[in-house]
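**Q** Residue-level listing of the chains:
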Amino acid sequence: MLSKEEFINNAKIGKILARKCTKCGHPHLVTTYFCQNCGNKGFENIVIDGEGTVATYTIITVPPEGFEKAVPYAWVVMNVNNFELRISGFMANIKSPADLPLSTKVKITGYDEHGMIIEKQ
Amino acid sequence: MEKVCVIGAGSTKYGKLQDSITDIALQASVEAIESAGIGPKQIQAGYISNVFGIADKQVHLGPVIMSNLGIPEVPSLSIESACGSGSVSFREAYANVAAGFYDVVLATGIEKVTHTGTEWTTTYFSYCSDFFYEGGDGASFPGLFASMARAYLAEFKATEEDLAMVAVKNHDNGLLNPKAHLRKKITIDDVLKSAVVASPLKLYDCCPFSDGASAVILCSEKFAKTHSKNYIEVIGSGRGGSPAALQGREHITTIPSTKIAAQAAYKMAGITPKDVDFAEVHDCFTIAELVDIEDLGFFEKGQAAQAVREGRTKLNADISINPSGGLKSKGHPIGATGIGQVAEVFDQLTGKAGERTVKDAKIGLTHNFGATGASCAVHIFKSV
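So the sequence lines, in the order shown, correspond to chains A and B.
First residue of the first sequence? That's 1 in our numbering, and the numbers climb one at a time after it.
First residue of the second sequence? That's 1 in our numbering, and the numbers climb one at a time after it.
Calculated from the structure, these hints are not laboratory results.
Pairs of lysine-lysine residues, derived as PhoX-like cross-links and limited to a Cα-Cα distance of at most 25 angstroms, are as follows: (1) A/Lys95 to B/Lys157; (2) A/Lys4 to A/Lys15; (3) B/Lys184 to B/Lys352; (4) B/Lys314 to B/Lys185; (5) A/Lys107 to A/Lys69; (6) B/Lys193 to A/Lys95; (7) A/Lys120 to A/Lys69; (8) A/Lys105 to B/Lys157; (9) B/Lys314 to B/Lys259.
Starting from the given sequences, assemble the full structure and let the hints guide the process.
**A** Right under this line is the structure:
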């Protein structure tokens, strides 16, 4: 199975499939082939709970194709709990910055035609 | 390595243009050739930067341009590096002259997209992101920079008014540039009241989608000395990369590729940021200019908003940032922008910049990146 498919299947159950370098322990998202820290090719797959906090985000009002009906929505970058890892995704029904202060607790809840789905906890 | 000079430059007006992508590329190229005082037969290679030729039914632009310049036998290279295509192409042209492969080359950048409309451009530009992680989750380009902006405003206690001041300053400069796309004086209030595109960025925080072409002629110093009295020297050239997706970066409020490229360029030139008289920087969105002028070393991290507030980046203040009007006002035909920046430096350092001249300028810098700075090139030039 392609790593992207495994990644998506994990996202559908609220998990993040990641890779930990067997040499230096640096965590990566699953599409990486060599460790960005030490250049090592060996990784062990790890499955992480898709929970964290909002690092930053935007509220999109002029969307790309496929997102017209979702406007306004947020595109969120999330700090993953307990790992030096961030992941970004789509969050529905965010109309103003008051709806989503930075550091709000969020979680991955699925993967669909809008990509990675993130919701408030 | 051979010393490399720029001996000619040309640009179409940037904006909504009627002529085809090939026509505007040729208009800029011919202007550059005539500005250099050479003939087309002296050109030994072409470097052609473009991203969305497909939108105007012409890719593989190099041979078409060369053929119409009357030099179909001359080799060309087509280069795509998103919004940084022009500077990356310039770098390849520079490296080949420096290495001694060629004495004289043409670098032309072109983009023609405004006829496609906002939905097409918003969608296709999102393909320049790390699409699996960003565009595919609904991130537009304004959205990616808006995410940087939200993080920056929170981390450094800057405000949306500070962002607006960047737009106001660049529009003031663009008013003095006859080839600029948006020649219109604006106020902070205009920016703050413009429609939200991707919160916290509003329409006037964003550069326009532009059509346009720019071209320059590069040559060896030996050729410049014997064929031209009006040229500038390339004294620094640096390139760098960043994690393609914002999520992969240690800090969201800095662009690693800018720092890497700038350090390499300063080292080659043997100068520090304090020696730079003016810079054309990649202000695709107002937030980008704040991040750029910190990453380029002109201001400490977190101090850019204060510097803009104090007017230190205005034309002929401490350091003139984007005297051309920048991407924000001059416009952003993405394949042409990096070459257009070099054309501006050429005009500035050879006394052709008219009302927007940076007084007594000796050293100019260009900074141009692709996507959210995943790729970047910085070049430094001095008057001769």
